[in-house]
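Engineer: Order-wise, the sequence lines are chains A and B.
When we follow the working numbering, the leftmost residue of the first sequence carries the number 156, and every step to the right adds one.
When we follow the working numbering, the leftmost residue of the second sequence carries the number 156, and every step to the right adds one.
Since the hints were made in silico from the structure, they are not lab data.
Computed from a predicted model, the values in this text were never measured in an experiment.
Hints may be right or wrong, so weigh each one.
What the hints assert, rightly or not - Taking lysine to any residue pairs in the SDA-like style, the calculated list, with each CA pair at most 20 Å apart, reads: (1) B:K319 - A:S463; (2) A:K389 - A:I343; (3) B:K335 - A:G318; (4) B:K319 - A:S459; (5) B:K437 - A:D309; (6) B:K437 - A:G302; (7) A:K335 - B:A339; (8) B:K335 - A:I343; (9) A:K335 - B:G317.
Number of protein chains: 2
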Amino acid sequence: MASSAASGEEPAPLLPALLLFRRLDADFAAALRQRFRVLDFFASGEPLPAFLAGAAALPDPPRAAVVMGGGAVRVDAALLDAVPSLGFVFSTGAGVDHIDLCECARRSVAVANSGTVYSADVADHAVGMLIDVLRRVSAAERFVRSGLWPAQGDFPLGTKLGGKRVGIIGLGNIGSLIAKRLEAFGCIIHYNSRRSRDSVPYKYFFNVHDLASESDVLVVACALNKDTRHIVNKDVLEALGKDGIIINIGRGANIDEAELVRALKEGRIAGAGLDVFENEPKVPAELFSMDNVVMTSHVAVFTSESRSDLCDTTIGNLEAFFSGKPLLTQVLPW
Amino acid sequence: MASSAASGEEPAPLLPALLLFRRLDADFAAALRQRFRVLDFFASGEPLPAFLAGAAALPDPPRAAVVMGGGAVRVDAALLDAVPSLGFVFSTGAGVDHIDLCECARRSVAVANSGTVYSADVADHAVGMLIDVLRRVSAAERFVRSGLWPAQGDFPLGTKLGGKRVGIIGLGNIGSLIAKRLEAFGCIIHYNSRRSRDSVPYKYFFNVHDLASESDVLVVACALNKDTRHIVNKDVLEALGKDGIIINIGRGANIDEAELVRALKEGRIAGAGLDVFENEPKVPAELFSMDNVVMTSHVAVFTSESRSDLCDTTIGNLEAFFSGKPLLTQVLPW
Numbered sequence: 156m157a158s159s160a161a162s163g164e165e166p167a168p169l170l171p172a173l174l175l176f177r178r179l180d181a182d183f184a185a186a187l188r189q190r191f192r193v194l195d196f197f198a199s200g201e202p203l204p205a206f207l208a209g210a211a212a213l214p215d216p217p218r219a220a221v222v223m224g225g226g227a228v229r230v231d232a233a234l235l236d237a238v239p240s241l242g243f244v245f246s247t248g249a250g251v252d253h254i255d256l257c258e259c260a261r262r263s264v265a266v267a268n269s270g271t272v273y274s275a276d277v278a279d280h281a282v283g284m285l286i287d288v289l290r291r292v293s294a295a296e297r298f299v300r301s302g303l304w305p306a307q308g309d310f311p312l313g314t315k316l317g318g319k320r321v322g323i324i325g326l327g328n329i330g331s332l333i334a335k336r337l338e339a340f341g342c343i344i345h346y347n348s349r350r351s352r353d354s355v356p357y358k359y360f361f362n363v364h365d366l367a368s369e370s371d372v373l374v375v376a377c378a379l380n381k382d383t384r385h386i387v388n389k390d391v392l393e394a395l396g397k398d399g400i401i402i403n404i405g406r407g408a409n410i411d412e413a414e415l416v417r418a419l420k421e422g423r424i425a426g427a428g429l430d431v432f433e434n435e436p437k438v439p440a441e442l443f444s445m446d447n448v449v450m451t452s453h454v455a456v457f458t459s460e461s462r463s464d465l466c467d468t469t470i471g472n473l474e475a476f477f478s479g480k481p482l483l484t485q486v487l488p489w
Numbered sequence: 156m157a158s159s160a161a162s163g164e165e166p167a168p169l170l171p172a173l174l175l176f177r178r179l180d181a182d183f184a185a186a187l188r189q190r191f192r193v194l195d196f197f198a199s200g201e202p203l204p205a206f207l208a209g210a211a212a213l214p215d216p217p218r219a220a221v222v223m224g225g226g227a228v229r230v231d232a233a234l235l236d237a238v239p240s241l242g243f244v245f246s247t248g249a250g251v252d253h254i255d256l257c258e259c260a261r262r263s264v265a266v267a268n269s270g271t272v273y274s275a276d277v278a279d280h281a282v283g284m285l286i287d288v289l290r291r292v293s294a295a296e297r298f299v300r301s302g303l304w305p306a307q308g309d310f311p312l313g314t315k316l317g318g319k320r321v322g323i324i325g326l327g328n329i330g331s332l333i334a335k336r337l338e339a340f341g342c343i344i345h346y347n348s349r350r351s352r353d354s355v356p357y358k359y360f361f362n363v364h365d366l367a368s369e370s371d372v373l374v375v376a377c378a379l380n381k382d383t384r385h386i387v388n389k390d391v392l393e394a395l396g397k398d399g400i401i402i403n404i405g406r407g408a409n410i411d412e413a414e415l416v417r418a419l420k421e422g423r424i425a426g427a428g429l430d431v432f433e434n435e436p437k438v439p440a441e442l443f444s445m446d447n448v449v450m451t452s453h454v455a456v457f458t459s460e461s462r463s464d465l466c467d468t469t470i471g472n473l474e475a476f477f478s479g480k481p482l483l484t485q486v487l488p489w
């Protein structure tokens, strides 16, 4: 078949180039390729510097990049230097701790994230893990699957969810949805956040230590940044106390993981539900033998429904950027 | 030390005799023994007929019995014949399918149960199992604990809870609390019950088959009786369909278990969360290898808080019976 040029038609306009730094399922990848010329880092097999240099040297170098929260590639000064054509970075997660926002702001690189696409799923997962830890669901599951029920009979008692004081660290989209769900179970909600909110009936704590000492359960639902790294440290765990439960659906580094493992080993807190870890996919091996810990593999956002919503949000933001319209879920400019 | 008679005091009044047909923890047992002369079947080591004959032959034979839902001893005509002094049976569960209510009514034997002591805990457990099945929590737990995360990477996507149509079979105390919780997650509640309720905004279905065909999730929360045995049968599973999830916190025999196992094996339904089974503690071995099934060992009522509430409710009902006052949580007389 003749090329469009040979057939006398105008050549098809070149699709805008896009740097891609995450693996995508087939539908999502196809939707992007239909609209953009995707320069796929993982598919390239190249080392990062060579890949970036190649992209920057193209006649129409990429103006946008799609990156992944918790992924291997950080958007930092080095990356922005390597591809100076970049004007927009889209993070497929809610967290932007893998993006140096100051460097982006300095260079007028716009940033958007996944917005609230994942919020309900993450809140659901947090509540599921809390019920699991209190009511020993996964532990009872192991008990049944290993055939121990007929031999050993009754399983140890769990703990009631109703009436528990739940301290939420970070009352953003996700934290608010967790609060709403737990209210329906009869929990008493406390929270810590950068500032107190007039619009909610929950008790505000200015610092996490005080929040922990007046809570039975601590839920980490904040973004990771320099202020929230290890926001749950040895002192906070001590304040939570030996009957306290901790749930983390934020980022692994929000908790001092070594201290958490020590507190669990020594019975200084009662249990934990962890979807995130400091050095994913590495999980401290000491946790594997603990029946009072529930661990999942950073899957709180993993539903087919949110994946489909993410695809729409990604394309919507990229199309807005390339057509000079307002971003849908803008993080930068502030 | 001298006996009270020898010391000239009146002999202490004999505590009322009580038949006990369940194992109790130490605090609960002590609370009963303080108030009643407990004739403990399991501690006696006797066969049931000999134990009952011995109790009936006492100078002050027992007028009350404490029995356990799902326990080994049924309160039927034979038991009531053997101990004709019985005037009250207390079931430590909400279900009374182990008590022949018609025989009790015929002999004017009063019956009380645990009332709403367990309702919130059972509702919490049902929601926990539903999140677990949809979001693969226990399956992800096995994945992490077996060290597969670093080797295999991403875990399969789960399914969002919000927007799901949840059909509840039995909108009593427990069913209503499940509905209230799931509304907070954005679920759409449908129900089937003996009769439609004007006080709830949920859509009523006269039969379970129609409920299943308009639901994504079916939750069994009804009592077990002759009308509800195998209320979830092959046809209902067929109506629920291949994307459907079933949760059972009622009684194992509410579901035709053999048909459920077959439907799961053949992919004709998507998953199940089961706290109860037809032949507990026996669980069909085919389920042990299924990642889309969450199984717990009839622990939906197992919290230390509800255990303590049960102790209060048991003693309150027994003291009411022995002092001729109204029972607290009466089942019979109707």
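Engineer: Look at each hint and say if it fits the structure.
Structural biologist: Right, here's what the structure says about each hint:
Taken as a hint, the B:K319 and A:S463 pair is honoured in the structure, with Cα atoms around 16 Å apart against an allowance of 20 Å. With a C-alpha separation of about 24 Å, the suggested pair A:K389 and A:I343 falls outside the 20 Å cut-off, and the hint is violated. Proposed proximity of B:K335 and A:G318 is supported: the alpha carbons are some 16 Å apart, at most 20 Å. Pair hint B:K319 plus A:S459 holds up; C-alpha atoms about 13 Å apart against a cutoff of 20 Å.
Taking the CA atoms of B:K437 and A:D309, the gap is about 13 Å. The hint holds against a cut of 20 Å. Distance hint between B:K437 and A:G302 is fulfilled; the C-alpha atoms sit about 9 Å from each other, no more than 20 Å. About 7 Å separates the Cα atoms of A:K335 and B:A339, which keeps this hinted pair within 20 Å; it holds. Between the alpha carbons of B:K335 and A:I343 the distance comes to roughly 16 Å, so the proposed pair stays at or under 20 Å and holds.
Distance restraint check for A:K335 and B:G317: the Cα-Cα separation of roughly 13 Å lies within the 20 Å cut-off, and the hinted pair is therefore satisfied.
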